[in-house]
Amino acid sequence: MKHIAPILIAAGLFVLASCEKVIEFDDSLTSPSPVLNAIATEGNQLFVNYTYSRFFLDTNNAHPIADVDMVVTANGTDYRPVSVDGCNYFFDYIPHEDDQLGIRVLSAAGEASARTIIPRNPRISTPNVFLQDSVFRTLVINFNIDDHPDYDNYYRFTISQRDSGARYRPYREVYDTIDTTYHTIFFCFDRAITDPTAAATEALGGYLYQQLLTSDKLIDGQDHNTTLMLIMLRDTNEVGTFIHQYSLTVESVSPERYQYLQDIESATSITQLLTEPAPVYSNVNGALGIFAGNARRTYPLYTVVNENDPVPPKR
Amino acid sequence: MRRLLFLLCLLLFPLAARAQLTVSGTVTDQQTGETLIGATVFETGSGRGTTTDVNGRYSLTVKSKEAILRVSFVGYETAFDTVKQGQERKRNYALRPSIRLQEVVVTAQRVNSRESSQMSAIEIPVEQIKSVPVLFGEADILKAIQLLPGVQSGNEGTGGMYVRGGGPDENLFLLDGIPLYNVNHLGGFFSAFNADAVKNVTLYKGSFPARFGGRLSSVLDVTTNNGNDKKVHGNVSVGFISAKLNVEGPIVKEKTTFCLSARRTYADFMLQPLVRKMATDIDGKTKLTAGYYFYDLNGKLTHKFSDRSRLYAMFYMGDDDAYTRVRTQSSLSEDEYLDFRNNWGNTVGGIRWNYELTPKLFMNLSAAYTQYKNKMVVGIEKVTPRTDGSEQLSTVNGNYFSTVKDLTGRLDFNYQPNPDHNVQFGAYYTQHWFQPSVISGSIDYFDSIQMNQSWQMDSTITEDTVPAGEMVAYIEDDWSINDFIKLNYGLHMSGFAVGKTLYPSVQPRVSGRVLLGENLSLKVGYAYMTQYLHLLSTTSISMPTDLWVPATERIKPMTAHQVAAGAFYTIPMVVDLSVEGYYKRMSNLIEYRDGATALGTSAGWEDLVCMGDGWTYGVEFLAQRSFGRLTGWLGYTWSRTTHLFDREGQELNGGKPFPAKYDRRHDISIVLTYKFSDRFDVSATWVFCTGNTATLAMQKYPVASDNPDDYNNSRMSNTLSHVEGRNNFRMPNYHRADISVNFHRQFKRKNCHRTINLSVYNLYNQKNPYLTYTSSDYSYHGYNRALVQLSIFPILPSVAYTLYF
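The listed protein sequences derive, respectively, from chains A and W.
Residue numbering for the first sequence follows this note's numbering, beginning at 1 and increasing consecutively.
Residue numbering for the second sequence follows this note's numbering, beginning at 316 and increasing consecutively.
According to the in silico footprint, chain W covers these stretches of chain A (three or more CB under 8 angstroms from chain W): (1) 53 to 61; (2) 80 to 87; (3) 255 to 264; (4) 276 to 289.
No lab work stands behind these hints, which were simulated from the structure alone.
Just so you know, even glycine gets a beta-carbon here, dropped at the ideal spot from N, CA and C.
With the hints as extra help, turn the sequences into a complete structure.
Here it is as structure tokens:
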């Protein structure tokens, strides 16, 4: 009985040592597809990424497509790329609200085309966005968003968090869309990065973000006082309290991008491990990817130390 | 509907034909008094006969004043009896087990393959099940069933059954006539049926008799032992992972018997030293207690009031239990305990009164209860020192519970008016209760570091229990039209009421046989089946979180039409050959929508699934040898199963057909047993099947971004998978050989012997795929990553010792 543990470990190692094997398969069943990606963001120079998809075992950089003839049409005016960097094609065009965009590409990979609009910026008339700091940190957002007369409005809320120190604590979350005026986001403590190099790398990245997708079908264009309850158990680490910096980014996204983001959310969620891989939405004819408009505003978040304090601090 | 009833009455009209001599009774084992199911009673003159039912009863009416009856059963000596008109018509036969055991037939056999009108049904004697070499030497009914043509296994080592293109939820498992919802232990590696408690196993794959219903693809009818009515005996078995005890005997001799079987695994005891060492290796301070076990408890009580009246009471309990307790100590001298416990299993109970109303008419009145439950408990306890030196206990608890319960009342009749007809009819009502999930949580937390305050929370989220009623009436007749043609026809009528919705269903069933000469018969059959229950499963293996849900107003019941035809040929004393072809069309199948899954809760499950259709066809070949020292069978199946989800808003795979997950082109199984002597026999199996299908995204592409720099790296996390088609990839083929050797020894003490079983699973250590993933630890054709398969069962020897007393 005394030696049973080593015997069991040896038996376990024997089993594990023989359990993996590379699968030989016919990779000629698949061929690369052209991919066209462009997020036309209001106020930013437009660029388009046009490339081939890669074999799933391929870890090299993108594969460029030859003989590309690309034209972007904005409100009836044609634009051609002014510079190319790798697979990124830059245009001398800055999108504006309500612009009607189209793209047409002819290349060695075939023909591709798509259309989208630049949505209106979110208009948060009363940007009272603050955190109530208690055992649970409660985010309160008072806002009003204009309803667009011509198309559906879709919004993405991104909460970013940055720690001031070298130690960086990421969180992952499980969430869904707003369906009532009271919504709970569960933030689950995931891991603490203790490796200094990795911590520095993450810190340089600056932000980890949590996202919330919703549409004006859920937020009907009226005044709202939506409370997001962030279940973030306070750090009880012995090194003391971190000074967190939070910001809220509200984006208007085009209907195409809304569908695309929802598919990505589904494809990358934790439950994806248990589901069949599913195709991600594309609005590009003749290629994978997305051609979509976008507009955004970012607001800092302030922390209210006293959870009973009814008055948020002024900006 | 009226036309169908009229046709039925017309067909039943010949029952009025007047007979002259009726004999009825039971056929039992002479040594144990155990009733024999499927024993044949034939009149030698006309060649007409009947078989005993699940209670061992028979009734035979002949058109002569004197008859010579031949009573036979596999493994028993044949008995002959002469019956004359005016003599006592109650005839009970006790058959003596054959003493030439080495020549006894012990192999899978189609139900009276050549003679019977029934097709697509196979009966496996329990002795054969026990001799088939299996994982860890644990005799397993479902693993033996998987070796039959038309039945495919799920993942490596698991008991998932895929019958003629159907999913694992389309099989009806009956234990003494009572449905079992979860027939697996440990994710399907072991089945819930303890072979020691089982007397008879019959699998129906198609041409279902009208008395069965509720599932699309198969019925596995398992009957347990009644118990020896002569003396107490039993067996004790100790194997690689479990110990078993089976005791049976009379309480009142030849009146009241009992049978009790128990099984429990002990891996949790055996692995405890390893678990403790693993915990110690973490940081020296962590203490870990973890384990897993399952148990089964089968019991049956039989009382014989008279030759005409018997009462049966049975119960089954089977639970799986996985538990973990971790104790850690932080640098702040806080003790933390993390507890996790998951307990799931079935509880089944039933009572049945079998009564002979007349020699031609038997009745069964029964009531049954079945429940499947899954309970999960997570608890955290933390002991925190206060500033005043005292200790504060914080607790966080979470509970999850789900269950499905059935209560059934049932009345069945068996009427044998003359040798040409055997009529079965009856009705039953089942009340279902589905409680998908009850989630509760409580927090009593003290935070000493930052808040120095405590707070509490206690809440329960309960999904409403969904009641549903299922009512069934059926009638079937096995009609010998003449010496060559036999017909089994019937109707299964059911209704399912859930909420304000009622789903009625009339399901005709028919199968026929034509004898072409002495050794050849042809059969055809048709069955329409309806299934009112769906299983929400998150993985391809059986998980305790899998949930049964009823059909609803939006999600319709599944239906299937199946036709089959076959030829059966016997080379006397050599081999039985059969070939069957089938085509099955299925409607209202459900699959998860792209990217959706329901994990442990059925909330909003109707939004997560879509409905579609499917079809499957195939050919099954079976060659079986039932005589001599060498027995066994060779089975081969060629099949194709396709799904199509193209209804508006419910498209999968772009609305195009795709192969089902369990679509396999070839399936071969060879099962051989050679009995060298009464003391030594060897069994071996070899299986081969085409690999499972899987969805493999073979291309990837970058996630769209408004930052150009995001495209200039190759991080896998920034790419999306391009899925070119559902189930577009086929895993490597699966094949495996197993062998087992049995050494029997008779002790000097009378009626006491032992068997030592040595078995080897995966004899040539074939690396069969269990799951696949990409790994950077390997390279493939110039890429620095590879698609890798994980195999979980290499060559595995095991030993088991069984003492019979």
